[in-house]
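Number of protein chains: 2
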Amino acid sequence: MLYSKMFIPTLKEAPADADTISAKYMIRAGMIRKVSSGLYEYLPLGFRVLKKVEKIIREELDAIGGQEISMPLILPKELWEETGRWKIYGKELFRLKDRKEADFCLSPTHEEPITDLARREIRSYRQLPVMFYQFGAKFRDEIRPRFGVMRAREFLMKDAYSFHADEQDLENYYSVIFEAYNRICKRCGFVFRPVEAASGAIGGSFSHEFMVLADTGEEEIAWCPCGYGANSEKAQCLPCENTKEALEPLQEISTPDIKTIDEVSGFLKIDAAKTIKSIFYLADAEPILVLTRGDTEINETKLASALNADGLVLLEENAVYKIAGAHFGSLGPINLKQKIKIIADLSIDGISNAAVGANKDGFHLKGANYGRDYKADMIADIRKVKRGDICPHCKKEKLQFSRGIEIGHTFKLGTKYSKAMGATFLSADGKENLMQMGCYGIGVSRILAAVIEQSSDENGIIWTKNTAPFEAIIIPINYAESKTKEITDSIYRELTQRGVDVLIDDREERAGIKFKDADLIGIPYRITVSEKTLLQGKVEFKERKNPKEKFELITPQEAVEKLCGRQG
Amino acid sequence: MLYSKMFIPTLKEAPADADTISAKYMIRAGMIRKVSSGLYEYLPLGFRVLKKVEKIIREELDAIGGQEISMPLILPKELWEETGRWKIYGKELFRLKDRKEADFCLSPTHEEPITDLARREIRSYRQLPVMFYQFGAKFRDEIRPRFGVMRAREFLMKDAYSFHADEQDLENYYSVIFEAYNRICKRCGFVFRPVEAASGAIGGSFSHEFMVLADTGEEEIAWCPCGYGANSEKAQCLPCENTKEALEPLQEISTPDIKTIDEVSGFLKIDAAKTIKSIFYLADAEPILVLTRGDTEINETKLASALNADGLVLLEENAVYKIAGAHFGSLGPINLKQKIKIIADLSIDGISNAAVGANKDGFHLKGANYGRDYKADMIADIRKVKRGDICPHCKKEKLQFSRGIEIGHTFKLGTKYSKAMGATFLSADGKENLMQMGCYGIGVSRILAAVIEQSSDENGIIWTKNTAPFEAIIIPINYAESKTKEITDSIYRELTQRGVDVLIDDREERAGIKFKDADLIGIPYRITVSEKTLLQGKVEFKERKNPKEKFELITPQEAVEKLCGRQG
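Listed in order, the protein sequences are those of chains A and B. Under our numbering, the residue at position 421 of the first sequence is numbered 421, and the numbers go up by one with no gaps. Under our numbering, the residue at position 166 of the second sequence is numbered 166, and the numbers go up by one with no gaps.
No false leads were mixed into what you were given.
Derived BS3-like pairs (lysine-lysine); straight-line CA-CA distance at most 30 Å:
#, chain 1, residue 1, chain 2, residue 2
1, B, K34, A, K419
2, B, K77, A, K100
3, A, K87, A, K77
4, A, K34, B, K419
5, A, K87, B, K97
6, B, K5, A, K431
7, B, K34, A, K51
8, B, K516, B, K51
9, A, K5, B, K419
10, B, K5, A, K186
I should point out that these hints are in silico values taken from the structure, not numbers from a laboratory.
I would like the entire structure built from these sequences, with the hints used as guidance.
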């Protein structure tokens, strides 16, 4: 491909609203343009990368029996009402009416239509298992579209759905998908980690996110060299080590104006780990008291999941006063005015002689001991993971924390959708069973941004081999000069014949501009052809990722061999 | 690919609402399923055909310098207001609001956003010409979605847009696109004709439709063996041959209850070609009288175009009475009460002694002669083409009429959009000029239906070589039998290695079911492997298009060579 024949409108400056490295570079490199908030067009260079990523994903999914299909983007309300998601999705769902005033939405994901297809078409266990996938636009009316294509309102997604006769078969296939996702991430050249994740609006019994590590990532993950990894929202916490002491008597202490954990531990001269935090919630309209150790935070996702509650909100102070007999800052599990369900985090297990609010304004209790002075109705892992926590898997190493960009998410859905929509099949023994289901997404357009967040420098993008729009760029310093043109063309011809995707910068521009553009658009390998080096029969070969001064002078044939022989 | 691994839910019967051969067969062959009115999902077999067609189009457009991009499907109202199409599109446009109540539509086509891109990014003649294309969903809220995917509300389209520095360059490129479209149609295996067409809502100075000939087509085309072809809406009409006679005097005749042309010619015992039809319209709110020869019909598309009118409606009888002094059935160009613009079709040129309404209820005039008795303000080609008309190109042969399915449409837009949206560039001589523009669409999903409308029999689809989901199917009568399996697998291996796309029907089904399904899904070549014929070292080779009894017994190697050596 000739640079002059390709529409690559590079820019010296990114627009002011480009808020991440990837958004800046994708715009500056002429890959994308913004049409409206969260809506982007992909120009030829950006489109090529999309297609390269699509190809990697397609090959890996075809290899594990995936069948490519295409579902409509406009979907009728009725399907979404069957699962309740017409309501649950709220304002994130783009909704519209047709000329007959019938309600539709723009697909944010496709569980409902695919389950509808399955219940219509799959009647027998003989038709199972089956995995369908598609590449297509997804629409989510984000409150704050940002980070370029990373959090857009319309984006390209690969979504896949599998149906199985039983849970074991689903779990086996889940591992197969999991490995395919690992291969996809590797082929994209990512430093990444699959981590356990919360399932959110999609639901199901467990899920994994594929996280590309990048300091600019929106998500935080906790991981351990032993192999464990989880979204920090989801990461499991072990019981804390609490020092056992001889039980002291319960003692009321006047603590005027002492409210926060810091204030309590300072006033009483004790460690925050010797205090208990008491927080009142409304869980599906039932008031509850939640306890966790003073130096930890409650994780509401875990709490809701432990309670199997759909709605979880903080209880307001007036309602708390009626139950506890005290205001915020003096609350605790002892001497409540009303009996109420108490949920305790694992971290309070074994705290001896803790300090808690006295349920009497201006007073705390010292020497509170579980079992003797208070009890919980449920003890569960409901706190946030924190620095210093031990890995729940190997139980040895301290957890590490990194930021990441979620580019894929796999869900073991089980029967969530098949139950809601009545997707059944006749099993081998003639019984009507619910299909077991999994769903598996990859943010295709987001992958472009993720590569750049992980791989760029001050001069521009540094594409990985398999995601690059072109693997190599040949820069003739003066393409009009006959020897330069001859060598440039012959290198191009041979590389193309051997399957390498090459761009020739044939423009009549100064060498400096050509180098700058090549660096900005991030082509991994550069071959510079100049009259000067050709005098020695050599061309300049440089890897994009290496500094300016690190290049080699080699013969054109050596350059070709380097590109054809190299490993990804 | 193994049949058992592919999801092909064939049906014995098509659903009752499948209203064309292609809709019936696409559903019965398990290619598509309907999700809602005008909304379809493409199952694996249908999706494969989409991809084959997409590949043909992509190769042809890349070969003429097309650059593939992708534009959003949700588009902001503001762009559409600049060209007035936010209003013009009416109810066909799907409209929606985002969470901030801003207005958007779902793209029915992309002239506005691409022109917006061009005006933002193209500044100099050096960046021209350029052609962008994309494959993507298009949305049109049809009044009556029908004919399966042929007239759907969401469909897959390839749209392309080119920008040029001057009209000559646009016209040159238009020919290049025209040839590429011809090649695409040929590679799809179509019997087709490119015809001159009316430009409709897209606009521009001229356009061509690529029509696949099929009796079930929605459109009618007029064509001549000399090469001329046009949509019958657009087909040019020559002046009619009118017999010249000595002028008779104008004579009023009482014609009680004689109103239609048939009644007039019957009553007066003259040919309909000796009468004149007089019809009153409102053209952009101005009343006009339109005349055409009694045996012809007015073509409102041509009329609006001749008048350069946006709106054209019939004038209601009360208003007509005020102008003419008579009611419907007695109208004519002579003795009007009010002066009014008169437009005459070429067909009335040279009618001697015609009969016209007298503008007096119950009376007609005989002996009306143009020039002497009445005159028109404009004479133009404004009638519908009809059986018996002579080709306007060779002026010798009679026009032929065929029905067709429009699968592509090319438009020479000129400056229609660049003017409305201010898309200018600096020309070589430093002047600010408007870009010249063309746009070129292909209905990718519609091509699937068009192939089937043109090529099927009572047993199912007959795919053309390049559109077939698989080029060949191997049917082992009993795949469990070792010799059969060995030969089946070896034919499959060799064909696959030589680039032929093959399906093996490995199912444990009766041969009859396998043959029926192979016929229904329409695979062009079938190789049947049975123990019986293998005794003679032979397999059965049959073309789908041939009758049941027409097959050959040849060796497996001969079968392979036939498939690899054959011409498309």
